[in-house]
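Chemist: Could you build the full structure based on these sequences and the hints that come with them?
So you can see what is in the structure, the chains are spelled out below.
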Amino acid sequence: MAKSIQMDELTLGVCYYPEHWPEELWEDDFHRMQEMNISVIRMAEFAWAMLEPEEGVFDFSFFTRVMDLAHQYGLKVILGTPTATPPAWLTHKYPEVLNAHQNGELIKHGMRRHYNYSSPKYRELCEIIVRNMVSAYKDHPAVIGWQIDNEFNCEKNVFYAEADHAAFRVWLRQKYETLDNLNKAWGTVFWSQTYTAWEQLHLSQTESPNPHLALDEKRFISDNVISFAKLQADIIRELAPQHWVTTNGLFGHLDSHELTDELLDFFSYDSYPQFSTIFPGNDENSLKDRGWSMSLSKVRSISPNFCVMEQQSGPGGWVDRIEMGSPRPGQIRLWSYQSVLHGTDLLVYFRWRTATMGTEIYWHGINDYHNRPNRRVREVAQVGGEFAKIGALIAGTKYQAEVAIMQDYDNLWDGEMDKWHGPLQWQSKGSWYKQLQYRHIPADLLTLRSNTTLEDLSKYKVIVYPHAAIMTDETAELLTRYVEQGGKLFFGARTGYKNPTGQCYMRPFPGPVAELCGITVEDFTLIKGTIQPAELNWEGRVPSGTKAVAFNEVLNVQNSEAEVVAHYASEYYKGEPALTRRTVGKGEVWYYGAAYSEPVVDAILDELSIATPIADWLEVPAAVELGIRSSEDASYAFLLNYSDQPAALQVKRATKELLTGATIENEVEMPAYGVIILEL
Amino acid sequence: MAKSIQMDELTLGVCYYPEHWPEELWEDDFHRMQEMNISVIRMAEFAWAMLEPEEGVFDFSFFTRVMDLAHQYGLKVILGTPTATPPAWLTHKYPEVLNAHQNGELIKHGMRRHYNYSSPKYRELCEIIVRNMVSAYKDHPAVIGWQIDNEFNCEKNVFYAEADHAAFRVWLRQKYETLDNLNKAWGTVFWSQTYTAWEQLHLSQTESPNPHLALDEKRFISDNVISFAKLQADIIRELAPQHWVTTNGLFGHLDSHELTDELLDFFSYDSYPQFSTIFPGNDENSLKDRGWSMSLSKVRSISPNFCVMEQQSGPGGWVDRIEMGSPRPGQIRLWSYQSVLHGTDLLVYFRWRTATMGTEIYWHGINDYHNRPNRRVREVAQVGGEFAKIGALIAGTKYQAEVAIMQDYDNLWDGEMDKWHGPLQWQSKGSWYKQLQYRHIPADLLTLRSNTTLEDLSKYKVIVYPHAAIMTDETAELLTRYVEQGGKLFFGARTGYKNPTGQCYMRPFPGPVAELCGITVEDFTLIKGTIQPAELNWEGRVPSGTKAVAFNEVLNVQNSEAEVVAHYASEYYKGEPALTRRTVGKGEVWYYGAAYSEPVVDAILDELSIATPIADWLEVPAAVELGIRSSEDASYAFLLNYSDQPAALQVKRATKELLTGATIENEVEMPAYGVIILEL
Amino acid sequence: MAKSIQMDELTLGVCYYPEHWPEELWEDDFHRMQEMNISVIRMAEFAWAMLEPEEGVFDFSFFTRVMDLAHQYGLKVILGTPTATPPAWLTHKYPEVLNAHQNGELIKHGMRRHYNYSSPKYRELCEIIVRNMVSAYKDHPAVIGWQIDNEFNCEKNVFYAEADHAAFRVWLRQKYETLDNLNKAWGTVFWSQTYTAWEQLHLSQTESPNPHLALDEKRFISDNVISFAKLQADIIRELAPQHWVTTNGLFGHLDSHELTDELLDFFSYDSYPQFSTIFPGNDENSLKDRGWSMSLSKVRSISPNFCVMEQQSGPGGWVDRIEMGSPRPGQIRLWSYQSVLHGTDLLVYFRWRTATMGTEIYWHGINDYHNRPNRRVREVAQVGGEFAKIGALIAGTKYQAEVAIMQDYDNLWDGEMDKWHGPLQWQSKGSWYKQLQYRHIPADLLTLRSNTTLEDLSKYKVIVYPHAAIMTDETAELLTRYVEQGGKLFFGARTGYKNPTGQCYMRPFPGPVAELCGITVEDFTLIKGTIQPAELNWEGRVPSGTKAVAFNEVLNVQNSEAEVVAHYASEYYKGEPALTRRTVGKGEVWYYGAAYSEPVVDAILDELSIATPIADWLEVPAAVELGIRSSEDASYAFLLNYSDQPAALQVKRATKELLTGATIENEVEMPAYGVIILEL
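Quick mapping for you: the protein sequence lines, in order, are chains A, B and C. Read left to right, the first sequence gives residues 14 to 693 (the working numbering). Read left to right, the second sequence gives residues 14 to 693 (the working numbering). Read left to right, the third sequence gives residues 14 to 693 (the working numbering).
There could be a bad hint or two in this list.
No copy is singled out in the list; a pair is fine if it fits within one copy or between any two copies.
[Unchecked claim] Below 16 Å or equal to it, Euclidean Cα-Cα: the simulated EDC-like pairs (lysine to aspartate or glutamate) are:
1. Lys121 - Glu175
2. Lys121 - Glu212
3. Lys442 - Glu589
4. Lys16 - Asp469
5. Lys106 - Glu212
6. Lys474 - Glu212
7. Lys474 - Glu168
8. Lys447 - Glu67
9. Lys411 - Asp646
10. Lys432 - Asp333
Everything labelled a hint here was simulated from the structure, so no lab data went into it.
Modeler: Written out as structure tokens, the structure is:
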């Protein structure tokens with residue numbers, strides 16, 4: 014059972030750094046927070062140098078003073094352990110704690126996250142500061158919970174210090190037991206890479222390393238983060254069992270599901286939709302800020318109700334990069350409800366006031382440097398008022414979906430390096446997610462794990478598992494049962510040709526699911542450079558000229574139950590099968606020999622009987638996101654308008670709108686960046 | 014009082030490297046120089062290995078022989094100290110003298126400028142070679158002056174050797190005295206960067222370092238260059254007080270004003286306008302070679318009359334980069350007069366003959382490898398003849414301007430890293446400079462320094478100080494007095510929000526000048542990525558669709574004397590004030606909430622009563638630069654045609670042209686690349 | 014006399030890696046090879062870790078077992094020495110064998126070719142493994158020859174380990190004897206680089222190093238490869254004199270002619286025309302896969318009949334880069350005959366089956382992982398059948414050409430760094446090669462070497478030697494004799510201004526050949542950035558608007574026998590000579606002051622009396638390559654259609670087609686990717 018935050022009502026918080034400000038400002042700050050219905054502050058996660066100004070010398074008085082005052086204003090406190098920024102005395106005295114570039118060059122002090130997770134000395138020093146800090150604050154009445162470290166694997170998610178190489182060797186010995194097993198798993202016979210002693214082993218040290226090593230490297234990093242976090246979680250559990258434990262972020266090379274299951278009470282996320290404005294070139298058809306719903310959906314797959322530990326409340330920016338413009342009026346509120354729709358019950362803005370010093374002077378908080386009234390403060394106060402009104406209804410309800418886009422960590426990590434399936438994954442997931450969004454079909458981002466059950470899958474009418482290159486017979490068996498019981502399952506090119514080491518099967522494509530799909534792959538080509546994608550012929554279902562993108566597999570039907578749905582319409586394999594469907598039991602399985610593009614998903618959705626919920630009495634334009642949070646007792650539809658233009662709804666039955674309390678019906682205009690919550 | 018070169022007449026020189034050529038060529042070379050009216054040669058600045066072939070062994074006979082011969086031909090000699098290229102024996106024996114990359118990796122021997130300014134050993138060896146060299150040559154009758162080192166901070170203007178870290182620590186102790194002061198100035202409480210021992214301190218060692226450290230790093234580098242140069246200047250002053258001292262170049266991270274004030278007799282510059290042909294993509298509306306007038310104007314702000322130590326006399330190019338085509342016929346002469354217009358009284362061509370070996374075989378001199386007659390030689394000889402004719406009139410006269418674009422080192426250096434104001438500076442300065450050029454309004458590039466006085470400013474009717482993020486109350490006071498006494502002052506977005514440490518004020522924008530301007534900033538956005546600039550509405554003064562570029566601040570008029578001149582015409586702040594003007598005393602102060610673009614400057618100039626000098630009787634096309642050099646007794650207008658097309662002038666009164674001696678009137682056609690000098 | 018492979022018939026082989034596969038597959042593999050007429054397998058070149066699993070412990074049984082079985086199926090074996098991939102135990106124990114980046118950082122284990130050629134320890138270990146391996150297999154009846162190492166200088170062709178610096182010093186002492194000679198040759202007086210002790214010398218350690226050092230560095234690398242290869246060749250010659258010795262590849266910084274002449278029986282090449290699909294941006298007018306004919310022509314210049322050791326038989330690709338699509342049906346066969354046309358008599362496909370593990374899982378072999386029938390297997394089997402039919406006729410015949418594009422290693426290597434002539438070489442060679450291809454004029458790629466004789470040159474009616482910046486008087490004398498005896502010789506801009514050290518002559522351009530050409534260069538400009546090329550006026554012979562690209566030299570006719578053929582038609586040198594021709598003896602010499610572009614070559618070819626062979630009875634479209642292989646007894650014309658469209662031939666006399674045995678005449682349609690071989 015996934016672990017969720019337990020809140021009685023939607024709760025607002027704010028990140029606060031008292032060490033950045035004159036003490037005489039605190040009381041006014043807390044007073045104003047109280048007025049805005051902010052009841053939680055998060056702090057201390059970058060304060061190691063204050064808490065332990067020299068090795069073994071501790072001073073916890075500062076934050077005690079802050080929390081005493083906060084407590085007077087009814088504020089609850091989330092404390093961060095300060096291990097994301099070891100102080101200068103520490104890295105100067107123990108340079109072995111630093112992370113290193115792949116070439117072994119140490120990453121010096123001066124930014125943050127400059128340490129490695131493996132150094133025994135760093136682990137020891139972290140245990141000491143955390144033990145002392147938790148002891149000092151565990152009985153303070155304001156404290157409600159702990160954030161471990163900050164944004165694991167943010168900025169850097171690879172680690173090449175000497176301590177990491179050593180820890181990797183230990184991890185490998187545990188996994189493989191013998192070098193012979195390891196050599197087989199990594200295929201080291203290729204290019205004479207055979208290892209004959211454990212000390213010959215390192216994390217990757219070259220460009221284009223052995224790909225099986227590269228996959229294990231990512232698994233090791235994830236395990237290493239969890240083992241590092243566990244040291245701290247164990248201390249908190251031991252000393253402060255009354256507090257909850259979480260951490261924030263969703264970054265690479267970390268199995269956040271396992272981290273949460275093993276150590277946390279719930280997972281937290283940092284949501285900055287304005288990032289969508291600074292990389293305009295990536296995708297001309299990008300969902301922009303709405304795309305953050307996809308990330309929030311991933312967080313939901315870990316903790317159905319969760320905390321947003323940092324919710325954007327102004328433009329972001331470091332001094333020298335990440336240059337964001339200001340959110341437009343209404344967007345901060347819109348993005349807050351985007352978080353709420355997808356399961357946030359505790360929403361903590363980053364941050365109370367923009368820092369006047371350091372790298373993040375442009376990572377704006379609600380207040381400006383000068384503390385004068387501004388529209389961001391007013392907008393957050395509005396959310397505060399609304400939470401007070403509706404928070405008890407919404408808290409604890411959960412997002413509802415009948416469609417899942419499925420992924421797994423092995424394929425994500427293998428696909429980072431592997432250009433023959435990784436890019437396909439992103440292409441297909443994006444196409445499916447966008448089309449589901451435009452059609453108002455709520456969707457989950459499901460992560461297939463070793464403990465995933467048929468029950469977990471059978472909640473969904475449709476599962477899209479587009480390019481699982483790594484696939485086992487066990488997974489194939491589970492998926493077969495999913496289809497047999499009535500599910501509709503979609504695969505794409507390059508499915509099932511690798512085993513869990515990342516080696517290729519000596520089996521016809523798509524390997525373990527060839528039989529389920531009733532097809533094999535006869536010929537294929539990567540689409541790249543001057544190699545053009547073939548067009549697709551689907552009897553008018555897709556626009557003329559629609560391409561089968563990224564990869565083209567020529568399918569060979571092996572089973573009379575498998576039906577050819579679409580053919581290639583150009584190139585030397587013109588007329589050959591491109592898309593097949595096989596009915597199995599009560600369900601059906603589709604195989605597409607390419608990566609999914611939006612027109613193809615659009616045509617598929619026309620075929621499926623998945624409708625928008627409440628479509629019978631509500632019409633919503635494509636620019637508006639629709640999602641539903643429900644409990645056994647109640648159900649609420651969220652409408653979020655990401656456009657800078659008003660949106661016209663057709664409400665065909667009188668319905669109560671929660672934020673205004675008004676009953677709405679017929680044509681209703683949502684303003685630009687508007688939010689509507691309907692009681693169903 | 015700024016330090017100028019003192020010449021009786023415009024003087025031609027040439028860089029000459031006798032060590033590159035067979036000795037039997039020298040006499041012919043000197044003879045031909047004499048024929049071309051070249052009277053100065055510069056040499057020896059890369060000859061350390063000849064002068065001190067092994068440590069402590071000196072041989073000064075070679076250049077004595079050269080100078081004896083030069084002296085016979087009436088040539089005067091500028092000697093360069095050879096410290097820009099330490100010899101192989103030196104760097105091999107003392108690798109600690111080498112500069113290093115930020116990661117600490119030494120920059121090896123093989124190019125030039127591979128040393129650091131901090132190494133005690135290098136300073137010692139430099140003192141020894143300079144003392145010996147000056148002693149050897151100080152009494153030679155040909156020598157007139159010394160160039161210290163060569164192009165300080167060219168190629169590399171950051172330094173990360175161990176000796177630099179150590180010197181930085183010394184510099185910091187002198188500046189801050191205590192670590193507590195330093196920690197406050199750098200805001201190290203952010204991200205737990207607090208320093209608890211001096212040895213923890215380093216120059217920046219990471220990407221995105223602490224920005225206040227990064228600013229101090231540039232100040233340190235500048236001070237360090239000056240302290241390095243001072244060792245040499247002191248020796249020359251001591252041993253050869255009859256010679257002048259200069260150095261050449263205008264490169265980053267060096268306060269060339271302070272360098273000159275403290276150590277030099279005047280500043281020198283190396284002018285290569287052909288660089289404008291090799292980066293065509295930078296700016297489609299670039300001034301191209303005419304843009305060098307802006308650099309020459311910066312040099313003028315240091316030394317109103319100065320030396321060009323290297324004037325381009327052919328295509329430039331290293332073997333593997335900096336690939337320039339040939340200057341077109343007339344351009345070498347045009348660029349020579351460009352230098353003269355802006356204050357050059359001693360103009361030294363680089364170089365007599367193209368080197369046949371080494372990295373710079375394509376950095377062409379006047380003569381080709383093969384020494385045959387060519388058009389470059391003929392063109393330089395023409396300049397020589399003209400200088401003989403007009404040189405006594407022009408020398409000592411000074412460029413005249415009533416408009417100044419103002420900058421300061423702190424903002425330049427802070428803006429290198431800070432993407433929220435640095436790019437604005439370049440945008441606005443470029444727009445103002447171009448529009449002033451096109452309108453033939455001479456302008457100075459003024460550097461605001463700690464010793465700048467009201468008298469320095471009040472020479473100008475208009476001062477543009479566009480985006481001084483770092484601003485003190487003292488500066489605000491000086492600027493207020495400037496306006497009160499009648500000046501017109503222009504600010505742009507992001508003015509006045511930082512103190513000299515680079516930390517942000519807790520004051521309403523624009524901080525120290527908010528009261529002067531009579532406005533504050535209510536809302537703002539960086540324009541970047543998908544964030545679009547608003548249009549500007551200035552009652553028809555700017556073309557429809559003109560954007561307020563780079564940054565948009567919504568202004569809030571705080572003072573009834575402040576008048577809104579233009580409004581934003583789109584985006585959510587449509588109708589809000591964008592440009593204001595306040596009359597203060599006899600002057601006025603303008604604030605523009607964006608960066609200046611050319612249409613906006615064009616409209617502002619329409620408003621101001623700054624006319625082209627001599628506009629009443631002279632009409633000049635936009636492609637021609639107009640500037641005036643004057644003394645108390647005389648005044649000369651230079652017309653420089655940068656176009657490859659002829660330009661038609663209207664001369665409404667009979668005027669003497671200096672180069673031809675002719676009197677011109679009515680329609681006069683300047684040839685492509687033509688030069689006219691009028692006696693006013 | 015060039016060394017050729019000696020084959021009685023065209024022979025098919027395949028690369029096979031038995032260590033990658035279960036032993037139970039071998040027999041089926043060999044059986045199927047036999048069926049496809051594959052009679053040679055190449056193996057063992059990456060198997061060091063198997064042959065010597067720990068230092069000094071050898072096990073040769075595995076490949077003996079493989080070869081025993083292969084021998085039963087009549088397969089002959091080429092064995093590769095395994096020195097391209099030193100095993101993990103070796104690099105772990107002896108890190109000094111590793112190659113290094115220019116900054117000295119070691120290139121760690123994990124890829125291939127991670128060693129340097131200089132390490133005495135590595136040379137010792139290589140001698141040991143090679144001696145043991147040759148001893149073990151020399152008497153096996155299946156073995157026919159040896160490949161030394163694999164693809165020398167592939168991936169990395171620069172070497173900066175400590176051992177390389179040391180070996181470079183030894184090489185320099187042998188070449189220069191004294192530091193004074195070296196200092197003069199490198200022009201170290203420039204920038205004070207003079208060396209005063211041998212230990213100060215290193216291979217280049219900076220960007221923009223001394224260019225004369227950079228040229229010697231490449232010569233050293235080439236000599237060093239050859240000396241490394243010689244250790245192995247000598248052992249094989251000593252122990253297995255009955256076997257031939259070769260190596261494969263054509264990579265940078267290696268004089269493959271010298272390598273072959275000194276050590277090998279013939280040269281081998283690895284041909285992957287599909288690389289042409291993955292860099293589409295390079296040249297919109299690229300020859301694409303047909304361009305491989307140019308590389309094959311270079312191989313032919315070393316060994317007129319040679320081995321292709323790796324012929325592409327499927328898409329290539331590493332896990333993380335080099336992403337190729339699949340060859341289209343027919344292309345594998347087409348490319349096989351492309352190799353044959355240009356002199357391949359032994360053609361070895363890479364590889365039998367795609368590897369299921371390691372970096373090259375996408376470098377596909379004939380068979381897929383799963384070993385099922387596919388079109389690639391069928392296509393190779395077709396080639397096998399055809400070779401059986403025609404192989405005895407073709408083997409030993411040689412490609413015929415009357416035109417040569419000439420190059421030399423010195424200019425190639427100097428031009429890598431030198432942007433003032435290197436890019437011109439590629440521009441001109443490409444233009445000539447393409448125009449000759451389109452016109453069906455067979456051409457050789459000739460390498461001018463120190464032992465090239467007049468007889469070598471006089472085989473050609475036309476020689477194009479476009480931009481030989483480095484040129485000696487001896488070469489000029491040889492070229493003069495070539496022209497006098499009737500040759501037509503073409504030069505381009507930048508000819509003859511450098512001596513063999515890469516220093517510039519103090520002679521009028523084009524130096525040693527100025528007198529031969531009867532011209533000098535008066536003015537010149539590089540075309541770069543905003544510098545535009547002039548148009549060319551050749552009395553209607555070139556299309557209006559044709560530019561004289563890359564460089565423009567204004568020619569000055571010095572000799573009444575030299576005639577101006579074309580003039581510049583724009584820019585300031587409009588009307589000046591651009592292209593000249595001088596008749597000398599029975600021949601003529603042309604000089605073009607720019608780089609050759611296709612329209613200019615087109616016009617020149619119109620002037621010359623070089624016709625397509627057999628043009629009197631055969632018309633071939635431009636898309637089809639035409640070449641002829643002949644012996645004294647017979648002659649065969651190959652027609653290769655690289656287009657995806659059919660091509661129409663006009664065959665005006667009845668002619669026998671070899672592959673079908675049919676007689677063809679009149680209009681004949683070649684299919685897309687078709688191959689025709691005519692008996693002449």
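Chemist: Each of the hints needs a verdict: does it hold here or not?
Modeler: Hint-by-hint comparison with the structure:
Proximity of Lys121 to Glu175 under the C-alpha cut-off of 16 Å is found in both arrangements, the shortest distances being 15 Å within a copy and 14 Å between copies. In this assembly of identical chains, the alpha carbons of Lys121 and Glu212 lie at most 16 Å apart only when taken from different copies (14 Å versus 26 Å within one copy). In the homo-oligomer, the alpha carbons of Lys442 and Glu589 never lie at most 16 Å apart, since the shortest distance is 25 Å inside one protomer and 43 Å across protomers. Taking CA atoms no more than 16 Å apart as the test, Lys16 paired with Asp469 passes inside one copy only; the shortest distance there is 15 Å, against 70 Å between copies.
In the homo-oligomer, the alpha carbons of Lys106 and Glu212 lie at most 16 Å apart only across protomers (10 Å), although the nearest pairing inside one protomer, at 27 Å, exceeds that limit. For a Cα distance limit of 16 Å, the shortest separation of Lys474 from Glu212 qualifies neither inside one copy, at 50 Å, nor across copies, at 64 Å. Within a single copy, Lys474 and Glu168 get their C-alpha atoms no closer than 38 Å, and across copies no closer than 50 Å, so neither meets the 16 Å cut-off. When the C-alpha separation of Lys447 and Glu67 is checked against a cutoff of 16 Å, the pair qualifies neither within a copy, at 52 Å, nor between copies, at 56 Å.
Taking the shortest alpha-carbon separations for Lys411 and Asp646, only the intra-copy value of 11 Å comes in at or below 16 Å, while the best inter-copy value is 87 Å. In this assembly of identical chains, Lys432 and Asp333 lie within 16 Å of each other by CA distance solely across copies; the values are 5 Å between and 31 Å within a copy.
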